[in-house]
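First to last, the protein sequences are chains A and B. Take the first sequence: its letters are residues 0 to 67, numbered as in numbering that gives the first Met the number 0. Take the second sequence: its letters are residues 0 to 605, numbered as in numbering that gives the first Met the number 0.
Rather than coming from a laboratory, the hints here were simulated on the basis of the structure. Any given hint could turn out to be false.
No farther apart than 25 angstroms at their CA atoms in a straight line, the calculated lysine to any residue pairs in the SDA-like style are these [stated by the list, open to error]:
no. : chain 1 : residue 1 : chain 2 : residue 2
1   : B       : K321      : A       : W58
2   : A       : K1        : B       : I475
3   : A       : K61       : B       : V457
4   : B       : K497      : A       : K1
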Amino acid sequence: MKKVLFFISIILACLADLFISHHDHAPFWWHKLPAFDALYGFIGGILLIIVAQALGRYWLQKDADYYD
Amino acid sequence: MIKPLPPAAIFILGALLIPLARTKRLKQLILLLVPAVAFLDLLYMSHGIYWIYPFLGYELVLGKVDKLSMCFGYIFVIVAFLGMIYAIHVKEDGQHIATFFHIGSSLGVVFAGDLFTLLIFWEIMAVSGVFLIWYQRDKAALDAGFRYILVHLFGGSCLLAGIIIHVVNRGAIEFGPIEYEGLSSQLILIAFIINAAVPPLHAWLTDAYPEGTVTGSVFLTAFVTKSAVYVLARAFPGVELLMWLGAVMAVYGVVFAVLENDIRRLLAYHIVSQVGYMVCGVGIGGEMAIDGATAHAFCHILYKALLFMGAGAVIYTTGKKKLNQLEGIGLYKKMPITLTLYMIGAFSISGVPFFNGFISKSMVVSAAALKHEPVIELMLYLASIGTFLHTGLKLPYYTFFGRPSEKGEIEAKEPPFNMLLAMGLTSFLCILIGCYPKILYDILPYPVDYHPYTPDHVIGAIQLLLLTGAAFWLYIDKLRGEPTITLDTDWFYRKPAKAFLWLCDIPLNNFRLTVQDFLSKAVGFLTELSKNPYTAPTVLVLSTQISITKALNGLRGQPYPDKVVELKKKLKGINGIIYIENRYKNPLALNISLVLIFLLLCTLFV
Numbered sequence: 000m001k002k003v004l005f006f007i008s009i010i011l012a013c014l015a016d017l018f019i020s021h022h023d024h025a026p027f028w029w030h031k032l033p034a035f036d037a038l039y040g041f042i043g044g045i046l047l048i049i050v051a052q053a054l055g056r057y058w059l060q061k062d063a064d065y066y067d
Numbered sequence: 000m001i002k003p004l005p006p007a008a009i010f011i012l013g014a015l016l017i018p019l020a021r022t023k024r025l026k027q028l029i030l031l032l033v034p035a036v037a038f039l040d041l042l043y044m045s046h047g048i049y050w051i052y053p054f055l056g057y058e059l060v061l062g063k064v065d066k067l068s069m070c071f072g073y074i075f076v077i078v079a080f081l082g083m084i085y086a087i088h089v090k091e092d093g094q095h096i097a098t099f100f101h102i103g104s105s106l107g108v109v110f111a112g113d114l115f116t117l118l119i120f121w122e123i124m125a126v127s128g129v130f131l132i133w134y135q136r137d138k139a140a141l142d143a144g145f146r147y148i149l150v151h152l153f154g155g156s157c158l159l160a161g162i163i164i165h166v167v168n169r170g171a172i173e174f175g176p177i178e179y180e181g182l183s184s185q186l187i188l189i190a191f192i193i194n195a196a197v198p199p200l201h202a203w204l205t206d207a208y209p210e211g212t213v214t215g216s217v218f219l220t221a222f223v224t225k226s227a228v229y230v231l232a233r234a235f236p237g238v239e240l241l242m243w244l245g246a247v248m249a250v251y252g253v254v255f256a257v258l259e260n261d262i263r264r265l266l267a268y269h270i271v272s273q274v275g276y277m278v279c280g281v282g283i284g285g286e287m288a289i290d291g292a293t294a295h296a297f298c299h300i301l302y303k304a305l306l307f308m309g310a311g312a313v314i315y316t317t318g319k320k321k322l323n324q325l326e327g328i329g330l331y332k333k334m335p336i337t338l339t340l341y342m343i344g345a346f347s348i349s350g351v352p353f354f355n356g357f358i359s360k361s362m363v364v365s366a367a368a369l370k371h372e373p374v375i376e377l378m379l380y381l382a383s384i385g386t387f388l389h390t391g392l393k394l395p396y397y398t399f400f401g402r403p404s405e406k407g408e409i410e411a412k413e414p415p416f417n418m419l420l421a422m423g424l425t426s427f428l429c430i431l432i433g434c435y436p437k438i439l440y441d442i443l444p445y446p447v448d449y450h451p452y453t454p455d456h457v458i459g460a461i462q463l464l465l466l467t468g469a470a471f472w473l474y475i476d477k478l479r480g481e482p483t484i485t486l487d488t489d490w491f492y493r494k495p496a497k498a499f500l501w502l503c504d505i506p507l508n509n510f511r512l513t514v515q516d517f518l519s520k521a522v523g524f525l526t527e528l529s530k531n532p533y534t535a536p537t538v539l540v541l542s543t544q545i546s547i548t549k550a551l552n553g554l555r556g557q558p559y560p561d562k563v564v565e566l567k568k569k570l571k572g573i574n575g576i577i578y579i580e581n582r583y584k585n586p587l588a589l590n591i592s593l594v595l596i597f598l599l600l601c602t603l604f605v
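Please take these sequences and the hints and turn them into a complete structure.
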């Protein structure tokens, strides 16, 4: 049920973009794309997680007593 | 007519009153009254330049009051009051005194009209801050505190050096816009960006803030970085370098927050990220960006204090501060009020509409877009995603919910009433400013012509947040806290420092001992010789003879032959001869001849 509500709200937010937003203050072309923010949020979120975890796994994460 | 006092003086004098209060009630009254009096004082302060004191031919200015400094002054005093409610149960006077000095010196920085006053308050701020860490009284806090103070003293030295060069070159000490060129401005900028925690000079923040006391950390989050934002906005508006540093900072903080397990360190990385927006705004320059940076500092102080209060409440009641220890122990059932208030802070920092982060963060992002900086705009946008991902989703999920742990639920309850009250009031202000941004926009340095609640903005923000939620939901298991630490730029002074200590302790110390030994022996020998200069040649011959005999016998395997004993006796006999002036009077001519021969040789060879 929660998942269904979540999906419905995503779809509503994307549809709202088509009908309510004017995109008249758009300095860059991507501001005119419908649902750009949604796409950017999803891809950006996944990229952040993957890149950060790769950095952590192969380089930055150490045991808690590393500096002792 | 009431004459206002410098707000810094109110807090510093207030700090001196604390130990005099005999009863607990009186002390608590002082703790709350001082910020309240300071707030009234601010209301009486008019714009202008005053509290001028002559000093060494210069003029120290304690009151440079305009809209920019007033805005920072207001929020510093407001958060001082809220933080004091949160910390009122703390019994140690020392903590309160350090806090008042910290707040007072930050206000001193904000109203400083000249560089000397700025420097003095800058240093008091560093020294008083370290006590808020050390009062935690464990080894981690002690070590982190030492690193904190060393970094800040380095920053203070840069500031001093920069100021001296600036004053020598310009002959004036007024604190205002500084042209970014030449060594003096670079040194001053380095000092400012150390305090603003700009990577790679930021690691002191994420190292030290999580180790402070539960209440002390709330104050630490508010003052040092934001007073640095103020001085940057005052001295270096529109410096393009700052725009790029700020954008990198905003993303840097959220990347490192992914890997963090300590709840307060995770929040500390978000300070780096959020201050990135402000530094970026200062770098963009122009009225809207400076307004945005100031507004974001104002809002950030409120919601970050609220988040640290929430995290502090969890640590206060459970004693645990790592996500992997907190997961699945059912805190949402035990601390629902703390959870709700924390989430208000989380929504604010994430820029959810009707919370204060939305109305300030979007100003900086819009300023970047209006200046036609597409990369900056997208970087700041990316940082927003990371902020909601960790502060709004990961941290509360794994702290209060998570998969039920095998350890079962623990005994925990809501924190004391004063802590909840402080969090409640801070939450109220976050929502109030989010719903009525005019309250804040009216006190910003420049007139504001910006409307955050347009359909585009609101729908964009909702889309961004919802889909960030979807990304979190996909990777929920991968974001679980792991019992590790993450290397950051503090590595450069923590690990090599150990090698440096070893270098000092073993090779260099041994070298020192060898030199010292040799010299003390030489001094001893010369002392013996100089007792009686006339026997010196004989002493020299005899001691050489002893050394040679000893060495030869050592080679032959006879450790201590009679000859050495005999020679030593002789040497002792000679050493015993006392110098009597009259006994050695040689003919004068001989001495003169010797001197003349020496001088001749000198003239020949030199």
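So, going through the hints one by one against the coordinates:
no., hint, in the structure
1, K321/B to W58/A, "holds, 21 angstroms"
2, K1/A to I475/B, "holds, 16 angstroms"
3, K61/A to V457/B, "violated, 41 angstroms"
4, K497/B to K1/A, "violated, 53 angstroms"
Checked against the numbered hints above, the structure breaks hints 3, 4 and satisfies the rest.
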